[in-house]
Structure formats: C-alpha cells, structure tokens
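Here's the letter readout for the chains.
Protein chains: 2
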Amino acid sequence: MNNSSLISRYFFPSVKDKEFNKWANITLEAALNFLHNRDGQKLHAEISPNEISNFFRTIEIPERGEKIPAVLKETIEKIVKNSVRVSHPNYIGHMTGATPNFLLLCDIIISALNQNVVKIETALSATYVEWQTLCWLHNLIYNREKSFYNHILNHSDIAVGNYCSGGTVGNLTALVTARNILFPNIHKIGIYEAFKKADCTRAVLLVSQRGHYSIKKTAAIMGIGEENVITIPCEILTNKINLIELENTIQKLHHEKTKIISIIGVAGTTETGNIDDLKKLSQICTKYKIWFHVDAAWGGALLLSSNHKKQLDGIENADSVVIDGHKFLYLTMSHGAVLFKNEHSLDTIRHTAKYIIRESSVDLGRTTIEGSRRFDSLKLWFCFKAIGRQGYQTLIDKAIENAFLLSQMAESHPSFEATNKPETSILTYRYLPKSIKIQIKIIYEIWNLKNKDKLEKIEIHFPKIKNNFDLVIRQLNLFLNEININIQKKQRKDGKSFVSRTTLESIWKSQEIVVLRAVPFHPLTNQETFTEILTEQEILGDFFFNNEKENFFKKTPDAYCLFNDL
Amino acid sequence: MNNSSLISRYFFPSVKDKEFNKWANITLEAALNFLHNRDGQKLHAEISPNEISNFFRTIEIPERGEKIPAVLKETIEKIVKNSVRVSHPNYIGHMTGATPNFLLLCDIIISALNQNVVKIETALSATYVEWQTLCWLHNLIYNREKSFYNHILNHSDIAVGNYCSGGTVGNLTALVTARNILFPNIHKIGIYEAFKKADCTRAVLLVSQRGHYSIKKTAAIMGIGEENVITIPCEILTNKINLIELENTIQKLHHEKTKIISIIGVAGTTETGNIDDLKKLSQICTKYKIWFHVDAAWGGALLLSSNHKKQLDGIENADSVVIDGHKFLYLTMSHGAVLFKNEHSLDTIRHTAKYIIRESSVDLGRTTIEGSRRFDSLKLWFCFKAIGRQGYQTLIDKAIENAFLLSQMAESHPSFEATNKPETSILTYRYLPKSIKIQIKIIYEIWNLKNKDKLEKIEIHFPKIKNNFDLVIRQLNLFLNEININIQKKQRKDGKSFVSRTTLESIWKSQEIVVLRAVPFHPLTNQETFTEILTEQEILGDFFFNNEKENFFKKTPDAYCLFNDL
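Protein chains in written order, with UniProt numbering: chain W, 1 to 566; chain H, 1 to 566.
Please keep in mind that the hints were generated in silico from the structure rather than gathered at the bench. Owing to the predicted nature of the structure, the values given are computational and were not obtained by experimental measurement. Accuracy of the hints is not assured; some may be wrong.
Since the list gives no way to pick one copy over another, a pair counts as held whenever it fits inside one copy or between any two copies.
Unchecked claim - Each computed DSS-like pair below joins lysine-lysine, with the alpha-carbon atoms no more than 25 Å apart:
hint, residue 1, residue 2
1, Lys-42, Lys-489
2, Lys-252, Lys-188
3, Lys-549, Lys-434
4, Lys-196, Lys-259
5, Lys-18, Lys-73
6, Lys-310, Lys-287
7, Lys-73, Lys-385
Construct all of the structure, not just a fragment, from the sequences and the given hints.
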C-alpha cells in the first residue's frame, strides 16, 4: 500500500465515512452477537486452548497489511469467538462480569477522543470529569462538608485521589504514600538512608491472611519486601481479621526497631467477599497512630446501597481507600480509584516535568504512579448519570441477595455445604457426597473439641477410628479436594456455566480445603441459574465420587465409617 | 427505575437491540464528527477551561438515573465538544495524536469482550494474542532464532515481557527487575536487609539529563530514592548522553559502597526525540557488568523502518526495553510494553495467588505489576495485521521527514531558529525577532569561546557590551523565553494549531531557554500545516516583541546593540 492510500484510508479526517460505517456495522454486529450469546457457544469457546493457541503462532510481524474487512473477519473468527463470555449470567466465577450495554458507547467515545489525562493540554473536559468523579467517590466514602469539595474543585494543586488501572496500582499508590509520610524525605533519599535516619531496621504492613496478593506484590516493588507483610489470622468462619492477634502483633513490634507503615483493612476479601471490622480497625489505628488503608476494591460498592453500607462503617476513618470500578461498579476494564482522606497526602508523591505536568497546572499526572492514561473515568461518570445511586443500590442489593440465595441453596442441598457466610456477592461452598452430608456437622463438632471431649464424642459416633480420627479426616478432605477440583475443571470445560475455585483454611483450620467460589453479581443471574449450576455440579461430583471411591476406601479403609448408607 | 426495567434495558442479553442501535448510531456520529472536525471547532474548545469546569461541579453522585439519550446528549455537549482534538493534523504538540480509524472498532470489540487478561479463565484467545504480539515485539528488538520463540510459545511458564498501561509502568517493571537481579532475595527481604547483605549503602540509576521524569518517579516508588538517579550531562547540540562523563561517573562509584542497578539509554528523549548511542552504551554496560535498560517508549517504533532502525543499533543488547504503543505506533490510549532479552528475567517478580494465577497456569498476570488489565494488545495485533511492517515504515518515515522539514523551515526562516537536530519525529525551535536572527550565530560563536578569543570577538562585533556580554545575553534569553511562552499560550488559546513548549539547556549551556516543541507525526501533517503554524507564530512573536521591546531596552539598554535595523 502506498503512502497516500494508507493515509486516505485509515486516518481521519480524510477517511471515507461510507466504508468506515460498513466496518463499524460489522463490528457492532459481532460485538452484540457475542454479548447475546445467540450462537449458543460455550462460555469458554468450543475448541481447546491449545487449538486456539495455534491461531497465534506466527512469530514475525506481518510484512504487508491486509484489508480491514479481512482483518475484521479474522478477528471475529479467531478472537471474538474464542473469548470467555464473562458477561453471561451463568458465568459467576470471577469479579469480571456483566456491564451495562451503554459502556460500549463510552468506549467508542473514549477511543475517538483519545485524550491523555496525564495533562490538560491533551485532556480538557476529561480533566474535570476525573476531578468531579473523584470528588463523588471521596464524598461517598468520607462525606466531608460541602465547602471542602468546593475548595478542592477550585484549587488545582490539591488532589484527593487518583484513577489508575486497578486495585493493584491503587494499593501501591496508597502504600507508597503511607511509606513516604512515615519516613520524611524517603522518596528522595531512599529506604536505606531513611531507615537509618529513623533508627529503624524494618518496616512492615499488617493485613489479614485474606489480604489480596497485590499487597505482597506492592511490598516487593516498594522495597519493603514480601516477608515484611505480616499476615494476621482470620477468625474462623467469618474470614475477618482477628483483632486480638492484630493488637498482640502491634505491641510485639513496638518493642523492636520496626515501624508499621500501614494496617490494611480488607473490605471484601477476594476469596470470600467478607469484610473486616473497619470500625474496630480504625480505632486500633488511631490508638497506635498507624496509617489505615482499606482495600475496598471489591466491597467499596456497598457504600452505594443504604441497605448494606453499614457493613463498611469505619471506612470514613481510613487514610486511604481503593475502589475498583471494573469490579462491583459494573464498569468495563480497566478502572481503579484510590482516595485519600487528607487532601495533602498525595503531595508526598508529587512530581513535575518541564515539558508536561507543570507545577502550577491542573495536570492530573502530577500525583499518579502511571503516566499516560486513558479517559476511563468517563465510564464512571456515565454510569452514575445513567444508573444513579438508586439504580446501583438495586443492582448491588440484588447481587448480595443472590449470594445469600446460592449459599443457602448449597447449605440445604444434600450434596453441598456452604463454606463461608456471604456478606457481599461472593460465596464459597463445596461438593460433598450425599452419604456424608449429615455426618459432616458431627465431624466439625468433633474436630473443634479438645482432648477428652473429643475422644468421647468419637467413641460415640465413630468408634472404629478413635485412634486416628484426625488423620482420616485429613484423608477425607484430600479426597474431597480432588473431587471439587475435578468438578470445577469439568464444568468449565463443558462450558454451560462457570464458577471458580480457591482454597481456604477457615473451617478445617490448619488443613487447606478446596472450595468452589461464586461471584453471582450479574443482574440476570437468578435462582434458576443456581439450580442449573448446582445440578450440574452434583452430577459431576457424584460421578467423580463413584468413580474414585473404591480407590479411596482401598487406601483409607478407616474412612468408610464416616459415610452413611454406602 | 425499578429492578426489572434496569435489567432489561441495560444488561445483555435481555437488552433491546433496536434501542441500543439507535444509541450506537448517535455515538458513532458524534465520534466521527469530532474526528472530522466538521464543525470547525477550536483544537482546545471554544470556551475557557474555567467555563468547562463549571459543567462538572456537582459534588454528589446523582441519586436517580437519567435516560440514555439524555446522558448521551450531555456527554456530547459537555465532554466531546470540549475535548482536545489531538488527532487533528495541526495538533503537533504532544506524542498523543493521530490513530487509524479502525482502532475505534478494536475498542468496541475490547469493550464488548471485556476480557481480563490477568488470567486465562477470564481471557482465552486474548491470552494468546498478548503472547504472540509480545513475541513480535521481542523479535523486532532482539531477533532471536526461531526456535527461541517456538520455545516461548510452547512454555507457558516463560515470559519475555509484559504489557502495561504505558512507559512509566514499563520502566518501573524493568528497573524493579534489574534491582531484584542485582540484589538476591530483595523482593522478599526488602532493600534495607538486601543492602546490608551486599555490603552496600546505596544503589543508583544512571541516565542522561534528558531521561524521562518517570525514571525518578520509579526510583522513588521502588525505594531507591530520586536523589539516587544520577543524571549524566548530554553533549551539547546532540542531546545524547556524554559517554566520557558516564564512564567517569561509573569509575567514581566503583570506589564507593554503591551499586549501579542500571544504565538507562534513552531512545527518543521526550523533549527533543534524540537517541543515545545505544551501541556504545551497551559496550559500557558489558564492560562494567551493568543492567542495560533502554527507554524506547517513543523511539522504539524506528525498528519498523529499514531506513531508520540503524539509529537504534545496540538495542539488541539491552537487558530490557520499553516501547509504547500509544505513542509512535499510532495506537489509542493506553498501551505500553516492556521486553526482556533473557526469558528468565521476569522470574524475579513472579507471584501467584490461590484463587487466580496458579503456578502451573498460562495466566499472564504472573509477571505483571498491574493486576486486572484490559485486552489492549488487540490494538497492536490489529494494527500490525492491517498496516503491516511496510505500512508502519511508510508512516514512520513520513513522520521523521516531517520533523526534518519543519526544523529546516524554522532554521531558514528569518524569525526562528532550530534548537535541536531532529532524529525522530520530535523537534524544537524558537522564535527570534528578525532583527537578531543574523547576529545570533555570531553570539553563539562568541558564547562558546574562551577568555581572550571571546573578548577579541566581542570587541569586533559588540564593543559596547564588552564588559557585560554574558549578562546581556542572559537578559536577552529571558526576554526571548517570555515571548516564546506567550506565543505558545496564545496559539493554544486561539485554537487553530498547537505545539507544546519545554525548556532546554543545550545551546546556552547553563542557562535554560524556552523552546517550542513539535511532534509532527500525524500522516496528514505536511508543509502547508507548517507554513500555517510558523506564520501564526511569527505574527504572534512579532506582536509580543514589538509590544515589549521598549520595556526590555529600558531595563537592558546594552542589549540594543545586538539587534540590527532597530
């Protein structure tokens, strides 16, 4: 293709509209077709990952360009068809899910405008949209007086938060800020010198064992070290940070040459959706004068529901809060936000550059970790305008109701047990063979007893294994783990529904158990969906159990007595 | 709006197509209208930033949702109309610019698929597209044997690079990796312990004075400290790192308890687009066994042109390289990539989590700093397919030609001088009053002379200021700085064209001068555009000069003799 035709075909303003509109129609049709799932394709594509990978094996950049309709066709056949239908109501496995249709329109606008929000010279209205929506989120969390926000909106040199690609960069921003405030000048002199000046040899982050893996990643990046993320155990069953253990840890650290950069409250653990007691956490932080960060990437959305925001009580005392738009705010990828209680916190990571981000400017890039950024805040602005707080409340309440419902259905089902008590729209459960379901409660009870009581109870219920009860239960769990992994994999492969899986230690204490993990926040996901999913999982579970039980009992004959009617 | 209507209106698959298509048409029309600039709006909106900001001052999240057509209308009137027309051929001020029209289609697809490329369970084909295109970029830089890439594509546990939001996160990834390789276990134990184990009290990064501000930002985030970014002077006129000064610095540091984490080569400085001598830099890095990182966020694109790739000779020896898609690869926001020569480098920042990113998986999130990510690599894949390497060469060659042309036009113009020699598609120049243009060369010559020669030459040309020549020149430059700032601001405000500005120290050595900075890489930008822009700038410059010269000569009467025919 020669120069002039390349230019006239592909670059505005000389592009031919008629041709472009034809391409746009093909694209929109393919997009809608994917979203409507009309062709009845599987959630994870008809063909195997290996077959898909074969489409993408040429290792050299194509030498010559192809015509757009040809590339579009290839895109649709190879890529669109083989994408994961994350927006399907039966896809309840991850926090990536349903988004309102109009976000497609927002992405068209964002792409066409192609603003770079790092700087007002490349983003005019976009700068103010970011600013305003950051104030909206700040207001939602901190609910400061009106004059505070008016002051913010009139003073370009103040930033109450940043947008970023997601929770990870949000957590990084918050914790670097906390580090910089704790150690004066650390951003200039580095950790080694700053520690020496503070007569300190170690700095740590405290978070529950359910904290997101990005906290460790953040610690590694910012030079603190993964090992200095001290994970505090959770209370069994609630998945909330154990406050007594936390205070013990703080007091122990106060005797060492160790500084605590931040205590991190988890508002919606990724694995179970449960929320730490933020009120009590904030009181502890105040008592010990420690930076309080809340990772509300998932659960921050609850602030939009008057029925559920109470669960986040105490978040208004957080020094920093992360909320992800692309999770429970139903936005498309990628949209994260980090907010700060104090409007001067972000000053500690402020930077300028000559050609861009001048000191006196309103450039948003002054306080962000990222440089160039897409105008993704339009999606939040548009959603809040179109759905409103009330609409969000409807969506969020329904999503949480969904989680309660599925959890209840699992718990009352002869072949499943719930493994956490949901608070948001995440829940875990696992398959159990029917023949053990009734016994399992007795087993739990025994497991939690001590010495004499334990032996007595075992003698009553399972006299045959009184000498090796713990070992047998462990074997049983390993067997159940295997079955649950197989259920999850096979269901994913069959492609009618999708739940994810994870491992928890909550109920069986020091033993990890594999659980199925559901995030049923799609507004079209309902009781019928759950019945369908549980039925499929039960059939799969029974199949794997029946297939493997002989082997299992051969290896662990003692376990036989745990089952009824076998 | 009640629950059921919210769901049926906005969420696929129950949404009504007909209504949605109507919205899509309105959106596409607005997008095309913006791109075609048909309404003759200014590049930076008709109304002032302050007036725009007034649209976005409500500080509470709207309580009730509005209908989509209403929100769309508001979006178009308040946001689209008041966005910066970065894709206009007369907008040559920043690296944010023209993109091929079909990227709008890619963004529709990316948004509809809403894949989260952190994990294959939420991104199937997308995972392989990322993988393949990372190999394309790796191949472009390192040109390893075919078997190497086949090995990569068959071994999911190997990563030769990451995509990220842009150059800043790319630089952070590369430099954290370099840090982790230099200090074993640092990601676990942190900087303080790692330094002690290595018997070291300081770690530094070396980069030219033209290094991007993100290097300092990175140093601050990763705990090294901004002050430990040692900036090496550039050679005057070329804007390339001074290699002698660099080696002197390295040798000096070797005598201290200091470790050098990386030497950073700049392949396309943000301010002038010039490229360090990467070949020689790589030799120095080999000699001293130092990690060689190349920030080719802007200039990496030259590898696609057989006419210009020679300028990047030596990049194939870099341990890590950053390239931004959203700069000179003409992609929409945001698209960055970081590539590593060694396929095991990224192992040092690998992480896993139970519910996601399992150890044995092909999940792309294992080695990224970011967590959840958008499927932005589709844009690179599509562009390379549609444009091809040859097409890119056409675009890039034209863009560089443009820079030469404008630089030449400025240099030969009676009212401008070029202030750097362009190598990519960035150039700087500044306005000078016609009456000084001829003298300016003599002034430069004198400025660079030493002692006796200098005095002699001043005596010949400007005898009146022989005792305070330096001071007068400094005053002159301050005056010119003011004029050039005013030109840039006024031109931006008038909205017909846009160039940016920055400050350089190259020609006048220790004095900073304000220069106009152009990035003329839009394929429709041409000689006529430049004539238009220079003519406008000349008129503005003359206006400001004539307006202010009386004041200037009043304060600095000695400067009068520098001007001809005044």
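Each hint, compared with the structure:
Taking identical chains as interchangeable, the C-alpha atoms of Lys-42 and Lys-489 lie at most 25 Å apart only when both belong to the same chain, with a minimum of 14 Å there against 56 Å between chains. In this homomeric assembly, Lys-252 and Lys-188 come within 25 Å of each other (Cα to Cα) only across copies, at 21 Å, whereas the closest approach inside a single copy is 30 Å. Proximity of Lys-549 and Lys-434 under a CA criterion of 25 Å is satisfied intra-copy only: 13 Å inside one chain copy versus 94 Å between copies. Taking identical chains as interchangeable, the C-alpha atoms of Lys-196 and Lys-259 lie at most 25 Å apart whether they share a chain (12 Å) or sit on different chains (18 Å).
Both within a single protomer and between protomers do Lys-18 and Lys-73 lie at most 25 Å apart by alpha-carbon distance, with minima of 18 Å and 24 Å respectively. Within a single copy, Lys-310 and Lys-287 get their C-alpha atoms as close as 23 Å, which meets the 25 Å cut-off; across copies the closest is 62 Å, which misses it. Taking the shortest Cα distances, Lys-73 and Lys-385 sit within 25 Å of each other only across copies (12 Å), while inside one copy they are farther apart (35 Å).
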